[in-house]
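*Asks:* Under the numbering used here, the first residue of the sequence shown is numbered 20, with each subsequent residue one higher.
Read the hints as simulated data drawn from the structure, not as lab findings. All values reported here derive from a predicted model rather than from experimental measurement. Any given hint could turn out to be false.
Calculated pairs, DSBU-like style, for lysine-lysine (alpha carbon to alpha carbon, straight line, at most 30 Å) [said to hold, decoys possible]: (1) K150 x K107; (2) K237 x K206; (3) K150 x K206; (4) K237 x K107; (5) K283 x K133; (6) K133 x K237; (7) K150 x K237.
Pairwise CB distance ranges, derived in the manner of DEER restraints [claimed, not checked]: (8) L289 x H165: 27 to 33 Å; (9) K283 x E240: 17 to 23 Å; (10) A261 x L192: 17 to 23 Å; (11) L229 x E122: 41 to 47 Å; (12) R228 x T175: 42 to 48 Å; (13) I117 x E240: 22 to 28 Å; (14) Y287 x A131: 50 to 56 Å; (15) D301 x I152: 40 to 46 Å.
Even glycine gets a Cβ: it sits at the ideal position worked out from N, Cα and C.
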Amino acid sequence: MRRLLIGMFILANAGLAYAGGPGTRGGIILNYPVGAQAIGMGEAFAAAANDVNAIFWNPAGLSLLEHREINGVVDANCTSVGYAQPIKFGVIGYGISILDGGEATIYYPEGATKTVRAQSDYMLMLSYAGKIIENLSIGGNLKMVHSELAEVSQATAFACDVVGLYRFLANNLDIGGVIQNIGSNIKYEEESDALPLNIKVGIAYRFNRLLLTMDINKPIENKLRLNVGAEYQIAEIMVLRAGYKLKQEDNKSGTGLTAGVGFKIRNYQLDYAYVPHQDLGDTHQISLLLSHH
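All chains, please: the whole structure from these sequences, using the hints.
*Replies:* Shown next as structure tokens:
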């Protein structure tokens with residue numbers, strides 16, 4: 020019975036993977052996108068991440084930080100906090116994400132019902148980045164994921180990311196590479212799922228007030244996925260963003276346009292992202308970043 024209930028809740032919460040981007044394996048929170056700037060740009064951010072948000076996209080971008088930064092991110096399902104600080108040899112960062120799958124009702128054969136929390140996950144992250152030479156940075160993440168399904172089964176897994184960022188300084192072109200979610204299986208009861216291993220390559224090109232980005236993802240068990248994005252600074256304190264996510268699988272959930280806007284005043288940056296979903300409902304995410312100069 021417990022195995023049946025767990026399977027039912029995995030299916031019931033498949034919608035949480037709307038943005039789940041790469042892979043169809045265990046550990047939904049590993050694929051959940053964090054940061055309204057990146058989401059507004061179609062999640063094409065592997066080469067564009069250059070602030071505390073890099074913890075969640077490409078930690079090598081942390082090497083570009085000169086001051087401490089902290090950000091908070093919230094949407095209907097997930098709350099995240101990231102902190103990054105330059106140290107003597109590089110930059111170190113910390114992140115936490117908490118995913119709430121909402122409530123669901125169990126219907127027992129004898130007619131009884133019970134309301135439970137459908138899914139509750141959290142992830143802890145430790146990040147590091149440093150420059151090998153002036154225009155080449157490397158880094159990585161260590162991650163711990165804990166997941167609870169239907170208040171009856173728990174699982175814990177450990178993973179890491181290996182990342183790099185190369186900057187063609189004269190051409191305003193950056194190239195980022197990420198290998199995500201190398202780690203142990205996540206096991207609920209007798210069932211064990213591999214983590215969603217993903218290989219990602221991204222480029223970012225800056226021209227005056229315009230930023231153009233593109234990411235290519237290769238999930239271990241799926242076909243290539245393409246993400247493209249753009250950001251344009253229309254005023255000193257305001258930027259507009261747009262993006263598109265394209266999947267090659269038969270299941271097109273998560274494919275489509277994204278949009279966003281950002282405001283930066285002194286040390287504060289406020290970002291908003293909007294992702295329309297015909298089947299799963301619209302998604303809104305808000306981020307607030309503080310840089311301590």
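*Asks:* In ascending order, which of the hints set out earlier in this document are inconsistent with the structure?
*Replies:* Hints 3, 4, 5, 6 and 9 are the ones this structure does not satisfy, whereas the remaining hints hold.
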